[in-house]
Amino acid sequence: MLQVVCIKQVADTETRVKVAADGKMLDPAGVTWILNPYDEFALEQALRIKESSGAGEVVVISLGGGQVQSTLRNALAMGADRAIHLKADAPVSDPLVVAKALAAEIQGLSPQIVWLGKQAVDDDQAQVGPMLGELLSWPCVTVVAKMELNGTQAVVEREIEGGREVVEVQLPAVLAADKGLNEPRYASLKGIMAAKKKPIDEKPATLSEPGLEILAMALPAARSAGRIVGEGASAVPELVRLLREEAKVI
Amino acid sequence: MAILVFIEQRDGQVRAVSREALGEAARLVAAGLPGPVVGVCVAASDPGLAGLGEAGASEVLLATHENFARYEPVGYTQAVAAAVEQTKPATVLFAGSAMGRDLAPRVAARLGVGLATDCTVLASEGGKLVATRPIYAGKATQKVGFSRSPAIASLRPKVFAPHAGNGGAAQVKPLAVTYDPAATRARIVDVKATSAGKADLTEAEIIVSGGRGLKGPENFHLVEGLATALGGTVGASRAVVDAGWRPHADQVGQTGKTVSPKLYVAVAISGAIQHLAGMSSSRCIVAINKDKDAPIFKVADYGIVGDAFEIVPALTEAVKKLNAQG
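Chains as they are written, first to last, in my numbering: chain B, 52 to 301; chain W, -10 to 315.
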């Protein structure tokens, strides 16, 4: 079974975000780039499916500039078989443009499952998964917290407010992983060595006209530090008074 | 022209997040976006849509099928696309709920237009929608515009106020949808409740979160007790979720949930940058931590320095006493 995992390179979650000189994008100076954490859960699940069936192929795809190859290499080190780099010189800010470029590539591969994370932790749009489902006319389940494969059907659990939906989905399908799906592995030294020899197929991304335009990026107003009401349990009556009379929240 | 608002129902009830979206739609029309405010609801039967006149809708289109009692992406996408075809809206709004987050991108892809998700500010600039949304889990915001029509946005729950108007009843009209149940290849077979009777973190008014300072999962009853007394929902830091003390659904912060309650109580949470990103938009923040230099105190409105094992039970008792007084 062929599985495709769409991955994105993002700024590490430890990053102290600064705005670039153009006033629209992240200032990349000093940023550590990582594989989007939710995509790691997606990749891990694809690798587990391949390993338990003892056959098949896991292909990772990423869209972006030359720097995304280091993240593709990380995915290969975790165990993906080969990589496709859809090259785009400028950052692509409209998720629909990304989804269309990925769909065009995926159609030629005919996988059984397309995996991705439920969202990227940079722009937090959470759009590409369901858009891929729509563009490919495949079922798509987002926020997948549990997944079992039974032949050509997957039974997945999807997190909703106060509960989980249990969904039966026929393959081929698009699945967007949530944290909690599994515990991703670390790349082994052997994996890192093997990854150096695995192929990365470079090709230009097919980019359409964006429907969304970034006008500005800003940092939120810093919260002014409040006050220490006191120390220990003796400060509780004063805290309760403040919450009731000043903040009026209880 | 119109503003089309997706009206979400669950178990035959219109969800509060949809009233928030209708309220914002009415406000946007007042600010210069083309109206009127028209709802579109997909359900097995009418969940009382005429009552949404009060919430700001002048008309609601209703698509019905027995399979529409629960979320059905294929049928729901088809229905919203049919409503777009019929009303030719300049703007389409969704709640940024689990359903809205799944449905809005499908509709945007179907229509081939731009979508801004999880917005916290919407405005009309020259009669066109401009949206502001948090990025990097709230470490920054991004303002976006739309180059095609309709512009689609989903709204973060608990940020927008429902409309407090006194409009009459909304007109409810049937919406014809071409829907083939056999074409559906994903089906919800069950819904498991995980926190029955409690608001989800993303929709909670009050959240009490616990961190690693609680020393072990067996001590989380302190956080649960305070949350119950306050009528709130329990949250957790990434450290305790990664340690397996709490399920991932409870995690607040980057790689968890971004929340905006009116009261957020952080118990024994030091305040890693990923956590602060996810809760800094709360209206009032209380921190309880034994380390007076913990970063959490830099964002807290009120702090108590000291042992959570003494402070939290005392606070729970004080809140219970207050509740008893009414």
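Among the clues, some could well be false.
Claimed, not checked - Some residues of chain B that are not near chain W, with every Cβ distance over 10 Å (derived): (1) LYS101; (2) SER104; (3) GLU156; (4) LEU160; (5) LEU240; (6) GLU253; (7) ALA267.
Unchecked claim - Across the chosen pairs, the derived CB separations fall in these ranges: (8) W/ASP282 to B/THR83: 19 to 27 Å; (9) B/THR257 to W/ALA20: 37 to 45 Å; (10) B/GLU253 to W/LYS77: 18 to 26 Å; (11) B/ALA245 to W/GLU299: 48 to 56 Å; (12) W/ALA20 to B/SER259: 25 to 33 Å; (13) B/GLY105 to W/GLU306: 53 to 61 Å; (14) W/HIS54 to B/THR257: 30 to 38 Å.
If you are wondering where the hints come from, they were derived from the structure by calculation, not from laboratory data.
Where a beta carbon is used, it is the ideal one built from N, C-alpha and C, also for glycine.
Checked hints:
no. : hint                             : verdict
1   : LYS101                           : holds, 23 Å
2   : SER104                           : holds, 21 Å
3   : GLU156                           : holds, 16 Å
4   : LEU160                           : holds, 19 Å
5   : LEU240                           : holds, 24 Å
6   : GLU253                           : holds, 26 Å
7   : ALA267                           : violated, 4 Å
8   : W/ASP282 to B/THR83: 19 to 27 Å  : holds, 25 Å
9   : B/THR257 to W/ALA20: 37 to 45 Å  : holds, 38 Å
10  : B/GLU253 to W/LYS77: 18 to 26 Å  : violated, 43 Å
11  : B/ALA245 to W/GLU299: 48 to 56 Å : holds, 54 Å
12  : W/ALA20 to B/SER259: 25 to 33 Å  : holds, 31 Å
13  : B/GLY105 to W/GLU306: 53 to 61 Å : holds, 59 Å
14  : W/HIS54 to B/THR257: 30 to 38 Å  : holds, 36 Å
Violated hints for the displayed structure, listed by number in ascending order: 7 and 10.
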